[in-house]
Amino acid sequence: MKKERLYEKVLAWFGTHMPVAASELHYRNPYELIVAVILSAQCTDKRVNMVTPAFYGRFPTPQALAGATTESIYELIRSVSYPNSKAAHLKGMAEMLVRDFNAEVPSDVVQLQRLPGVGRKTANVVASVVFNRPVIAVDTHVFRVANRIGLVDATTPLETEKQLTRHIPADLRPIAHHWLILHGRYVCTARKPKCETCGLQPYCRYFNEIVRQTKTASTKV
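132 is the number that the working numbering gives to position 152 of the sequence shown; each next residue is one higher, with no gaps.
Rather than coming from a laboratory, the hints here were simulated on the basis of the structure. Each hint should be verified, as a subset may be incorrect.
[Said to hold, decoys possible] Mimicking EDC-like on lysine to aspartate or glutamate, the simulated pairs with C-alpha atoms at most 20 Å apart in a straight line are:
hint, residue 1, residue 2
1, K142, D88
2, K174, E189
3, K26, D119
4, K101, D25
5, K(-18), D133
6, K(-11), E176
7, K26, E4
8, K172, E189
9, K(-11), D151
10, K(-17), D133
11, K101, E139
12, K101, D151
13, K142, E(-16)
14, K(-11), D133
15, K101, D133
16, K(-17), E189
17, K101, D119
18, K101, E12
The task is simple: from the sequences and hints, build the whole structure.
Shown next as structure tokens:
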């Protein structure tokens, strides 16, 4: 199947079977989202959502967070992964927001990446989710699913992002990001993908070239 046709089929399937898809992180504004995304690095959304209510209550604004000590930040996020470095990043991020951005989270991906603790993926998440910018954030789920299906042939997140951006229409990129994440989180899982119940079987390279061939070989033995 040609790449253009594959994208048409896969995007149409998601549009039909997952018309509503959004971040599972809890937030109410751009500031809360950027905090949550920084905390979510190598950590589950479920764990982050357990931590953020108290965090938002204690530090409801960038000004409040900028004035906090890293020790007080650490105490509220100690149950997430890498709390020491994340505490420092959160404080630095808030200080820069207050100093350079009038305490407003920028919508531009380049400006977002100036903030401590904000790499390309985090910047794309914030720009896409709260500002509806036509960018695609590539996390481990997006990377895995896009390569397994055959949407991309990439060895790095950046190359995956470039190929997805090239083929996915701008108006679909924000939701496509969530389609791929949620599919990877609940169906196309890392260790035991649920191929037998996956509606993308007809289009999936992994299923047709590996799973199906393995089954065929086993039946001939």
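Taking the hints in turn, this is what the structure says about them:
1. K142 - D88: Since the Cα atoms of K142 and D88 sit roughly 18 Å apart, the hinted pair holds (cutoff 20 Å).
2. K174 - E189: holds (16 Å)
3. K26 - D119: holds (16 Å)
4. K101 - D25: holds (15 Å)
5. K(-18) - D133: Holds, at roughly 13 Å.
6. K(-11) - E176: Within the cut-off at roughly 19 Å; holds.
7. K26 - E4: Since the Cα atoms of K26 and E4 sit roughly 8 Å apart, the hinted pair holds (cutoff 20 Å).
8. K172 - E189: holds (16 Å)
9. K(-11) - D151: holds (17 Å)
10. K(-17) - D133: holds (11 Å)
11. K101 - E139: holds (13 Å)
12. K101 - D151: Holds, at about 19 Å.
13. K142 - E(-16): holds (15 Å)
14. K(-11) - D133: holds (18 Å)
15. K101 - D133: holds (19 Å)
16. K(-17) - E189: holds (16 Å)
17. K101 - D119: The hint holds at about 7 Å.
18. K101 - E12: holds (17 Å)
Of the numbered hints given earlier, the model fails none.
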